[in-house]
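If you want the building blocks of each chain, they are given just below.
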Amino acid sequence: MTSSIIRIAARITKCRPITACSRHHQYSTEKKARYYTKKHEWVAVNGDIGTVGISQYAQEALGEVVFVQLPDVGKQVSAGEECGALESVKAASEIFSPISGTVTEKNDKAESTPSLINKSCYEDGWLFRLKLAGTEELKKLMDQTAYDKYLQESH
Amino acid sequence: MCSQSLTRVLFTKQSNLKWCINTINNRLYSDKSVKPKKTPLYDLHEKYGGKVVDFAGFLLPVQYSDMSVSTSHLFTRSSASIFDVSHMLQTNVYGKDCVSWFESICPVDLKGMANGSSSLTVFLNNNGGIIDDLIVTKVKEDQLYIVSNAGRMEIDKQHMQETSETYKKSGKDLTVEFLDVSQRALIAVQGPKAVTSLQPLTNIPLADLIFMTSTIGKVAGIECRVTRCGYTGEDGVEISIPADKAITVTEALLQNSDVKLAGLGARDSLRLEAGLCLYGNDIDETITPVEASLTWLIAKRRRGEANFPGADIIMRQIKEGVDKRRVGIRIEKGAPARKDAVLKNEGKDIGKVTSGCPSPSLGGNVAMGYVAEQFKKSGTELFVNIRGKDVRCVVAKMPFVPSRYYIKK
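If you read the sequences in order, they're chains A and B.
Residue numbering for the first sequence follows the UniProt record's numbering, beginning at 1 and increasing consecutively.
Residue numbering for the second sequence follows the UniProt record's numbering, beginning at 1 and increasing consecutively.
If we strip away everything but chain A, and leave its shape as in the complex, we get (with noise of 0.2 Å):
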């Protein structure tokens, strides 16, 4: 645990600003439209499972995450209920499910290197994975346009 830290401590002083990046990656959630929350998480559907994260903005606003809780496979969730939780050394921040739906999936990269969520929030710093109830809670939800919106006239 000692020696995680630390390396988790020196890869952070040498990564630059996180800007979301376009990289192409295999789970890649870069070309799904993303739909947010006004608690700063995000969901992208792919098919009837929505993959769900944190926005950049949120995770520069809890800082270097370092513990990570994920909610178990099988699990079934509501939109807004709380589902996990980000710890970082100054602040704990619960986790509240975007949409309803079943638990498939959870990134267990995320959970042993939490600093993923940092360094990639929409991309391998992705949450969980959820069979979607529906997909009617989407239209409650923002899109990209309105976010970006809201981040700027709410903060």
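Calculated directly from the structure, the hints in this document are not laboratory data.
For clarity, every value in this text was computed on a predicted model and none was experimentally measured.
Backbone N, C-alpha and C fix where the C-beta goes; we use that ideal spot for every residue, glycine too.
FRET-style restraints, in silico, Cβ to Cβ:
1) B:333 x A:148: 32 to 40 Å
2) B:349 x A:153: 41 to 49 Å
3) B:345 x A:76: 29 to 37 Å
4) B:255 x A:135: 52 to 60 Å
5) B:392 x A:134: 36 to 44 Å
6) A:76 x B:256: 54 to 62 Å
7) B:254 x A:154: 31 to 39 Å
8) B:319 x A:78: 51 to 59 Å
Distance condition first, Cα-Cα at most 30 Å in a straight line; then the derived DSSO-like pairs of lysine-lysine:
9) A:109 x B:333
10) B:389 x A:38
11) A:119 x B:389
12) B:389 x A:109
Fit chain B to the known structure of chain A by using the hints.
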């Protein structure tokens, strides 16, 4: 519970990024109707990319853009960091009766202290509860210098004012002077390279300035008060600087690459690893020094005299024991316990965490909290409830990270 939604923790409508240091009580955040004050180093925080928040009514950086909190924390432990602590209340007390007045409100043996020496002490209420913790320096027989908490500024001022007025009415010679943040800055330079970085800039022979002593001298050409103390467990000093020269002095120190600025985030995790209390979290008006495992603050001479506020209660507690005690708590794996997490033994609630965070120096998590007396022994295995899950933890000795104060042997 301490964990909150991203929105609540990190953002408010009217601001830029709003940060929450979870282990720092919300109470310390100022009344939002009052505009937060800038410290004399505000422009420097902007210049170096400080992420500034309203903390106890002052605009202060949580961290700087070049380093994460844990990187800054580790940098302090291996090199040196400067913290802007100008928000803290600096007070000068003058007059030939200042020592006896101060002893009437604190359990410290100020009479027995040498001129130029400092001590941690507490303002006590009549129940022996802690009004605030502070550092007092006996400049000389008729002059004191006090540094107390920003979050308790108004209460401390009132307490010092009222008690000194009463004292003066009985014909005593005493003047209390509060230094405003617009007049006086305070920086803490902390870490193993703090003193080596400072020495070339000052005429004070720092080899002679041992832990908890204080003197006046030139720093970067400016007359300052330098006290060998801090809130990180490391060697270091606090430098009280005239407000208009604060940036000059700080910039001079920053010319050395061994020294970097650090914010409130690292300050909190460093003090936790050092086992040092945060007022409002770990101690408050309902807690006595005995319960807070700070019995050593009740000086031997003062125990004999038993004439400090709450002495009857505190002396009884020293003799007969207390129901709960502040202890260190180590969680090797998993999530950190934060303020208000419940501590359990065999399914029963036996205490509560008062502050906690991941430990950048040790890995895992550190915390402190209060447990029922029978569980205070280090090595006692307990559980702590974090978001509904009982997580294994163990009572541990503090400081978690060995202190490196400059003590002459």
